[in-house]
Amino acid sequence: MNVFILYLVLLKATVTSFSGLASLPIIRDELVVKRAVLTDHQLNAAVLVGRSTPGPIGLYIVSVGYFAAGTPGAAAGWLALITPAFLVIPLLHYLGRSTEHPRIKNVLEAVVVSSAGLMLATSIPLAQDAVTGALPLIIAAASCLTLIATPLDTIWVILGSAALSLAASELTPFR
Amino acid sequence: MAAQPGGDLKPKLRDLGAVFIRFGSLTFGGGIPTTAALQREIVQRRGWLDPQQFGICYALGQLTPGTNLLAFCVAMGWSLLRAAGALTALLSVSTPGMILVILLTRAYETWSGNPVAQHIVHGALASAVGIVGASCWQLVRPYLDRRRAARTAVIVAGSVLALARFHLPPVQVLGLAALVGLIWRDRGSPQAAPKDSFTDSPS
Chain A
86 MNVFILYLVL LKATVTSFSG LASLPIIRDE LVVKRAVLTD HQLNAAVLVG RSTPGPIGLY
146 IVSVGYFAAG TPGAAAGWLA LITPAFLVIP LLHYLGRSTE HPRIKNVLEA VVVSSAGLML
206 ATSIPLAQDA VTGALPLIIA AASCLTLIAT PLDTIWVILG SAALSLAASE LTPFR
Chain B
287 MAAQPGGDLK PKLRDLGAVF IRFGSLTFGG GIPTTAALQR EIVQRRGWLD PQQFGICYAL
347 GQLTPGTNLL AFCVAMGWSL LRAAGALTAL LSVSTPGMIL VILLTRAYET WSGNPVAQHI
407 VHGALASAVG IVGASCWQLV RPYLDRRRAA RTAVIVAGSV LALARFHLPP VQVLGLAALV
467 GLIWRDRGSP QAAPKDSFTD SPS
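Chains A and B are the protein sequences, given in the same order.
Just so we're aligned: the first sequence equals residues 86 to 260 in my numbering.
Just so we're aligned: the second sequence equals residues 287 to 489 in my numbering.
Calculated directly from the structure, the hints in this document are not laboratory data.
Take these hints with a grain of salt, some might be off.
According to the in silico footprint, chain A covers these stretches of chain B (three or more CB under 8 Å from chain A) [as the list claims (entries may be wrong)]:
| hint | region |
| --- | --- |
| 1 | 357 to 365 |
| 2 | 417 to 423 |
Here are some of the chain A residues that sit facing chain B, going by a computed Cβ distance under 10 Å [claimed, not checked]:
| hint | residue |
| --- | --- |
| 3 | Thr99 |
| 4 | Ala107 |
| 5 | Ala160 |
| 6 | Trp163 |
| 7 | Leu180 |
| 8 | Ser199 |
| 9 | Val216 |
Keep in mind that this is a model prediction, so the values were computed, not measured.
Cβ coordinates follow ideal geometry from the N, Cα and C atoms, glycine included.
Start from the sequences, fold in the hints, and give me the full structure.
What follows is the structure in structure tokens.
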């Protein structure tokens, strides 16, 4: 895939989202559904890689770029990730201390909440790819509940899930 | 050694870069723990920004599209050392993670065919689904108080249906949600909504 086009597609995803994984629905729509340069499996793996590293959650876009177009794609992903951050400078200049305007807050809240709904809808095909039996279902549910209910870091949840899956495969090789 | 929080101490560029590399790109868990770590370091320990300046940077980071944490770091860098500070903060907070992500993705591609690695990856991919689910919840949770719960539920359900059932493009769904937010004010409006603590909002 052309790296500049990839950058624009990923930029569209980052510039229309307001948190790390909220860009997921647009990325899936553009790269998995419309352009078929990425599979659900790779998208899931990108989320996994992004959450296995320290730093911003949105870094998963670098992994998406790598899967789509190798190292130049990863660079495009990184640029798409950091470009919208510069928009804060005019905001700082013009809005300054008047960030509590109720109308602006209402619109932004609605967009953030909608992002969560879109993420939920996007997680359905991702789950169809990754949750293929009882054990993955248990792992997915336990991971979700653990992250919601405890302050445990994501990396431990991922490592625990991997260890559980490996242990289960040793116990039941013909699963 | 704790500095008096006054916001008058301006850092050297290399010190700024060192802080953002250390606390911005080496803290696991995304925006919340990183924001807390940066507040301790920049406001309480070094006194580069006062709490109000820090709060403005945080609020504007939340208003900026994209990854909130990156915008927040750019805002702090700009407030301290203008363009050089903004660029240093952004590069410091994003570059180490980018390199690590590329290395991990390469490792994934190399090892994902190995039978033992396949079992490990299977479990880890299933947990990724749970991670996305938990992120959804963490995004929605601050907006589920009595004042906003009904609007939140309608927008979430509408967004799920619009994408999963009617296959509307996500950008259109977000545009419709913005329209709903403009028309359907929460019951606290026109008063400003209570300020969400940075510990409540994911990045």
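Hint check results:
Under the rule that three or more residues need a Cβ within less than 8 Å of chain A, the assignment of the region 357 to 365 of chain B holds, with 7 such residues. As drawn, the region 417 to 423 of chain B meets chain A at 7 residues by the rule of a beta-carbon pair under 8 Å; at three or more, the given contact holds. Contact between Thr99 (chain A) and chain B, as hinted, is supported at the beta carbon level, the nearest pair being about 5 Å apart and thus within 10 Å. With a cut of 10 Å, the hint placing Ala107 (chain A) at the interface with chain B holds, because the nearest CB-to-CB distance is about 7 Å.
Checking Ala160 (chain A) against chain B by beta carbon gives a least distance of about 8 Å; that is within 10 Å, so the hint holds. Interface restraint check: Trp163 (chain A) against chain B, minimum CB-CB distance 5 Å, threshold 10 Å, status holds. A cut of 10 Å between beta carbons decides the hint on Leu180 (chain A): the least distance to chain B is about 7 Å, and the hint holds. For Ser199 (chain A), the suggested interface contact is upheld, since its CB lies about 3 Å from the closest CB of chain B, less than 10 Å.
About 6 Å separates the beta-carbon of Val216 (chain A) from the nearest beta-carbon of chain B, less than 10 Å, and the hint is met.
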